[in-house]
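All chains, full assembly: derive it from the sequences and hints.
For the sequence shown, my numbering gives the first residue as 1, with consecutive numbering after it.
Honestly, the hints are just simulated from the structure, not real lab data. Heads up, the beta-carbon is just placed ideally off N, CA and C, and yes, glycines get one too. Misleading hints may appear alongside valid ones.
[Said to hold, decoys possible] No more than 20 Å apart at the CA atoms, straight line, and that leaves these computed lysine to aspartate or glutamate pairs for EDC-like:
#1 K34 to E4
#2 K286 to E273
#3 K61 to E153
#4 K102 to D65
#5 K61 to E103
#6 K138 to E153
#7 K61 to E107
#8 K43 to E4
[Stated by the list, open to error] Listed next, with one range per pair, are the computed distances between beta-carbon atoms:
#9 R151 to K286: 36 to 44 Å
#10 L49 to S112: 20 to 28 Å
#11 M108 to L264: 16 to 24 Å
#12 E98 to G16: 47 to 55 Å
#13 G248 to D36: 17 to 25 Å
#14 V33 to M108: 36 to 44 Å
#15 L231 to K138: 29 to 37 Å
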Amino acid sequence: VGYEPLPPTLGRNIFGRQIYQLPGLFAYAKHIVKVDGRAGLFKGLTPRLCSSAIGTIVHGKVLQDGARGAFWGCRSLPNASFSFQPGASKKEPVSSLEQVLKETSREMVARSAATLITHPFHVITLRCMVQFIGRETKYSGTLSAFTTIYREEGILGFFAGLIPRLLGDILSLWLCNMLAYLINTYALDNGGKGGSIRLQGAFFFVLLQVSTVSEMKSYSQAVTGFFASMLTYPFVLVSNLMAVNNCGLAGGLLPYAPTYSSWLDCWSQLHREGNMSRGNSLFFRKVPTGKRYVWE
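Right, dumping it as structure tokens:
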């Protein structure tokens, strides 16, 4: 939300150059313990655990129903891990692409359903943590938080910031799976043990010595997942800001955050300020020139 209770300090980046850096994870954890005690590190834990448990159940249930053909009109879908054997027919990549599309679509429906069901808990979690800014106790318990939100904002209050969160999840999923498919299909060698990823047009070469093709694919899935999460981080930021925007807490009001009319308005203002990547790093947080932060 742009709240920086600790001022930036002069430090050095990985190249040894002196720069002003914002405090990182450990500095803020120490500050929270100093102000609220160790219990302050666990603000919002209860609704977060509820969200995780319910989300896991919903996600698994939707995938199970999808496997029985509830969504796609088929008996079952093959496993998402596909492979190409030497001498395979030219039609096999097409079949594997169809398989990836089906699996990704099923996963998208399952994740979206879980996100929709658990988003009220996500909103409560964020507001419980943001209370630290104004030292409020408005959201002191999960059940009382439901009552407060319903009384002040109605049903829509439980789904503040839902749209950008859903869009970010969906885009991240499709980017991750499709990039992994392209790498696994066109960049990885399938012959024998060991493999390599060659990135032409750049000034570096990465060689991965692994024992099986499946291990190479697991590496590519991790890399593409990290890349997709970086690209879709602005959706996470906008969703979190909208969840606490103008909710009666100090962290959702000026000077910490303006009142946004919609998530598109929030996106537009962050873009103009150059703050689309605000908060995406836990360490080595450089103070960007011209970007707005509030600290005490």
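Each hint, compared with the structure:
1. K34 to E4: holds, 15 Å
2. K286 to E273: holds, 16 Å
3. K61 to E153: This hinted pair is violated, its Cα atoms lying about 31 Å apart.
4. K102 to D65: holds, 14 Å
5. K61 to E103: holds, 15 Å
6. K138 to E153: holds, 14 Å
7. K61 to E107: holds, 11 Å
8. K43 to E4: holds, 18 Å
9. R151 to K286: 36 to 44 Å: holds, 42 Å
10. L49 to S112: 20 to 28 Å: holds, 21 Å
11. M108 to L264: 16 to 24 Å: holds, 22 Å
12. E98 to G16: 47 to 55 Å: holds, 51 Å
13. G248 to D36: 17 to 25 Å: Once the Cβ atoms are compared, 20 Å apart, the range 17 to 25 Å for D36 and G248 holds.
14. V33 to M108: 36 to 44 Å: holds, 40 Å
15. L231 to K138: 29 to 37 Å: Taking Cβ atoms as reference, L231 and K138 lie about 35 Å apart, which means the hint holds.
This entry does not satisfy hint 3, going by the numbered hints stated previously; all others are met.
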